[in-house]
Amino acid sequence: MSDYAGGFWAAWKLIFTLDPDLYEIIFLSLQVTVSAVIIASIIGLPMGAWLAVNRFKFRRYVIAVLNALMGLPPVVVGLFVYMALSRAGPLGGFGLLFSPAAMIIAQVIIITPLIASISHQTIRDLWAEYHDLLISMNATRAQRIKALLWDGKRALLTATLAGFGRAIGEVGAIMIVGGNIEHATRVLTTAIALETGKGNFAFAMGLGLVLITMAVIVNLLIHIVGKTERASTW
Amino acid sequence: MVSILPLKLIEASAHMRGKKLVGPVNLTLAPTGFTMVIGPNGAGKTTLLRLMHGLQRCSKGQVAWALPAKQARDKQGFVFQSPIMMRRKVIDSLAYPLHLRGVGKTAARERAAECARNFGLSELLESWAPMLSGGEKQKLSLARALITAPEILFLDEPCANLDGRATREIESILRQVQARGTRLVMSTHDMGQAKRLANDVIFMLNGKLHEQADSEKFFNAPVTPEAKAFINGDIVE
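Protein chains in written order, with numbering that gives the first Met the number 0: chain A, 0 to 233; chain B, 0 to 236.
With the rest of the complex left out, here is chain A:
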């Protein structure tokens, strides 16, 4: 019980004493996660919409694989990205290993299938509703996808938030490709893992509470900016 109380006290102290190390870690966590979510959304949202409006051979199998990739084990992704970015790997020349960029790459690979799959399901339902109208209006394929993404934007927020939730709490892959280097690649989750390993439970719990609070605040902000759950809007 004292660990829990100590955790709250540690969290309180960390936040309100404006601990510079903590704010550096928070900033890097947000930087890595938000960058990954933006990149994954740019790839995943149109991919989901494209899959919803197009009929092609093996479409079912592509969707099944995409759904299966939602459960990609982060450690395995970390391993592949590590091998690709290490000096002997195909992308070794870029010198990205143990940098925030490597962590972003790993997170993008993990969350893109999640965002694409959820957006596919959302857009598929909207496409069933809009199909006749958009065909009747002679909208091109690109115009259809654009209309579906625009009109489904509030529902698609769920897809990006799911991606954010998975990325902000991810530890396995970014530990491998980032290396948890202090003042360079240490983020909240890797710091928690480190402090737990050191037996510093109260501090680890403090960081955990900060992580949870941060995730809730970001979600709330997105809902407020996106004007979701308000009467007379869709």
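A portion of the hints provided could be inaccurate.
As a list, the in silico DSSO-like pairs of lysine-lysine whose alpha-carbon atoms are at most 27 Å apart [said to hold, decoys possible]:
1. B:K69 / A:K56
2. A:K152 / B:K104
3. A:K145 / B:K88
4. B:K59 / B:K207
5. B:K88 / A:K152
6. A:K145 / B:K104
7. B:K18 / A:K56
8. B:K19 / B:K7
9. A:K12 / A:K152
10. B:K7 / B:K104
11. A:K56 / B:K59
12. B:K207 / B:K194
13. A:K145 / B:K207
14. A:K56 / B:K19
15. A:K145 / B:K69
16. B:K7 / B:K59
17. B:K18 / B:K74
I should point out that these hints are in silico values taken from the structure, not numbers from a laboratory.
Following the hints, position chain B against chain A.
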């Protein structure tokens, strides 16, 4: 401007999963007039309209416009029985068909506002389209289909879910639209409405064009016993 009309259906049929829905239909739609498609449930009225508009694939025969089908589609409009409302404000819903044709945002919104005035939707411009009443939704559908000034407008039982007042408003709009030279093709269950609006009538039965005639002739002296029974309100199978 080159017209897309007349429209010719030559031995046109529509199938779904091997089952024939409509056809074979031979039919010519002249460049002007108001054609009413009538018939019992399941007769193929909606499928015929969708076939003409291109929403239903023609599995046999031909649906031939005076212009290639892709160009012809831009000069057509379709109003669905259950209005499909985009998740947008009324003004944006109205402006959308113009965006698709490359009209700039400001110009499209100005034209949308003007169109809304003509349809009595001015006060609803900033309302969310899916939140409108049934009558307002159908008026918006009609306005959206007409904002691009189509040469021909297909209407699939547009008044089926409306009360008398809303039906009267829609009919009044349709008369004005016809007076401006738009070719109208509409399906209905309402014989009174068919008599009030139609220049000519297509009577569908079991997926086939059973009878086609001038409106007055059809209602006063139907040729087939089935058409006669249908006009009298009997059950026709």
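Hints versus structure:
Between B:K69 and A:K56, the direct Cα distance comes to roughly 25 Å. Compliance with the 27 Å bound is thereby established for this hinted pair. The suggested pairing of A:K152 with B:K104 holds, with an alpha-carbon distance near 20 Å, which does not exceed 27 Å. Of the pairs offered as hints, the one joining A:K145 and B:K88 holds, with about 17 Å between alpha carbons and a cut-off of 27 Å not exceeded. Distance check on the hinted pair: B:K59 and B:K207 sit about 14 Å apart at the alpha-carbon level, within 27 Å; holds.
A distance of roughly 14 Å separates the Cα atoms of B:K88 and A:K152; the hinted pair therefore holds under the 27 Å criterion. Restraint check for A:K145 and B:K104: the C-alpha separation of about 15 Å stays at or below 27 Å, so the hint holds. Using a Cα cut-off of 27 Å, the hinted pair B:K18 and A:K56 holds, with the two alpha carbons roughly 24 Å apart. For the proposed pair B:K19 and B:K7, the alpha carbon gap of about 20 Å is at most 27 Å, so the pair holds.
With a CA separation close to 39 Å, the supplied pair A:K12 and A:K152 exceeds the 27 Å bound. The hinted pair formed by B:K7 and B:K104 fails the criterion: a straight-line CA distance of about 37 Å is larger than 27 Å. For a cut-off of 27 Å, the pair hint linking A:K56 to B:K59 stands: about 25 Å separates their Cα positions. In summary, the hint linking B:K207 to B:K194 is supported, as the alpha carbons are separated by about 22 Å, within the 27 Å threshold.
At roughly 39 Å between alpha-carbon atoms, A:K145 and B:K207 are farther apart than 27 Å, so this suggested pair is violated. The straight-line distance between the Cα atoms of A:K56 and B:K19 is roughly 26 Å, inside the 27 Å bound, and the hint therefore holds. Taking the CA atoms of A:K145 and B:K69, the gap is near 21 Å; set against the 27 Å cutoff, the hint holds. Simply put, B:K7 and B:K59 have alpha-carbon atoms about 14 Å apart, close enough for the 27 Å limit, and the pair holds.
Simply put, B:K18 and B:K74 have alpha-carbon atoms about 31 Å apart, too far for the 27 Å limit, and the pair is violated.
When each numbered hint is compared with the structure, violations occur for hints 9, 10, 13, 17.
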